[in-house]
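**Student:** For reference, the chains in residue letters:
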Amino acid sequence: MKHALYGLVVIAATATVAMAAETAPTDVKFEDGAVGASLGPAGDAANGRKVFANRKLGNCLACHVNSDLAEQPFHGEVGPPLDGVADRWSEAELRGIVVNAKNLFEGTIMPAFYISEGYNRPLKDFAGTPVLTAQEVEDVVAYLMTLKEQ
Amino acid sequence: AGVATADESAELSIEGKTIPTRAEAPAYLENIDEVISGWVYRSDETQTLQADDFDNPAFVFVDTGADLFAEADGSAGKSCKDCHENVEDFAGLTTTLPRVNEAGELETLTDLVNECRTERMGAEPWKYSGTQMTAVTALIGLQSRGMPVNVAVDGPAAPFWEKGKELYYTRVGQLDLACANCHEDNYGNMIRADRLSQGQINGFPTYRLKNAKLNSVHGRFKGCMTNVRATPYKEGSDEFEALELYVASRGNGLAIETPSVRN
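Sequences listed follow chains B and Z, in order. For the first sequence, the residue numbers in our numbering are 1 to 150. For the second sequence, the residue numbers in our numbering are 1001 to 1263.
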């Protein structure tokens, strides 16, 4: 599936039992598009880098150029390049952007990665689930925090 | 591993005949000025395949379509050819489809073909995206190659067109995206390994290198919906027929390219 934005694989990880003290998608608190509190799990930047590139998880490369992942062949041009993104946004803002970018960028094409409702006609296997787990969101946020140029 | 870039200024010329791949957008398209064929955004190799009927892999299927056209089937023991002596007489037909019939229903080319099969031949309808249907619709579509798309959007077509327009702009799926997000707001941009086009249907049925067969319009709509993790409408459904009319109208002025080649 060369052009698939996302494959059809059910993400087994989203079905795992919630860890203790993990914020559910419907309980995330936004302030001016940002999410100050961690969703629970500690972020692992190395795994976040993998989630970012993985076509079935973040697939962030579908839309963003990211020089840190130059070894990956295809980077999209739909969104802005993410080089130095941690210089432009705080951790809370980056978490807000990954959880649901629509709160910061009204009407954006960027999908919300941590919502479990509010979308129409989801494929059955994805209904009621977010694209990423709380752990994966925290991993991606930790990874984005490493993208500094200054 | 770079991706072969599209030559966006290339000209499509088939058998010595230039086929325009751009046209001024019809007035009802509020957000774009120019309508552009998907051919423009394909790699040089893919563009070249469509420019020569001997190289175009779709023609194997068009030949199958010609055989099927002459093959008797059903309780009446008739072939298409028994009633439609020259397939060339269908020239111009697909520029006007989908259209509303006298009974007030929206009809597509597949509907017309299956109507002849069930009502005039006493045969089983062909499957919407099956080999026979895509082969025969490619054969019929080819007769209009080079002619400008000109579907009606007003009069009895208006309610169907409005419904199709609404579907085009409605976000769906877990990824919450509408056709317009990709094909109106981002055509020309790379989305990972693929260059986004305007999602035009002037070249359907289209041969795809990915699956080495002819692909139907509704099959493509279904694929795009599935990719955003949405439950697609059914092939041949009222929703997809209305969407087909609307998407066809977004290509009014573009030339029919059937059978086109895509990756």
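Check each hint, because a few of them may be wrong.
Examples of chain Z residues lying across from chain B (beta carbon under 10 Å, computed) [to be verified]:
id, residue
1, Asn1031
2, Gly1188
3, Ala1193
4, Arg1229
5, Ala1230
Hints were generated in silico from the structure; no laboratory data involved. Note that CB positions come from ideal geometry on N, CA and C, so glycine has one too.
**Student:** Indicate, hint by hint, whether the structure satisfies it.
**Tutor:** Here is how each hint holds up against the structure:
1. Asn1031: 13 Å, violated
2. Gly1188: With Cβ-Cβ at 9 Å, under 10 Å, it holds.
3. Ala1193: 4 Å, holds
4. Arg1229: Holds, because the Cβ-Cβ distance from arginine 1229 of chain Z to chain B comes to roughly 5 Å (cut-off 10 Å).
5. Ala1230: 5 Å, holds
In this structure, only the earlier hint numbered 1 is contradicted, and the remaining ones agree with it.
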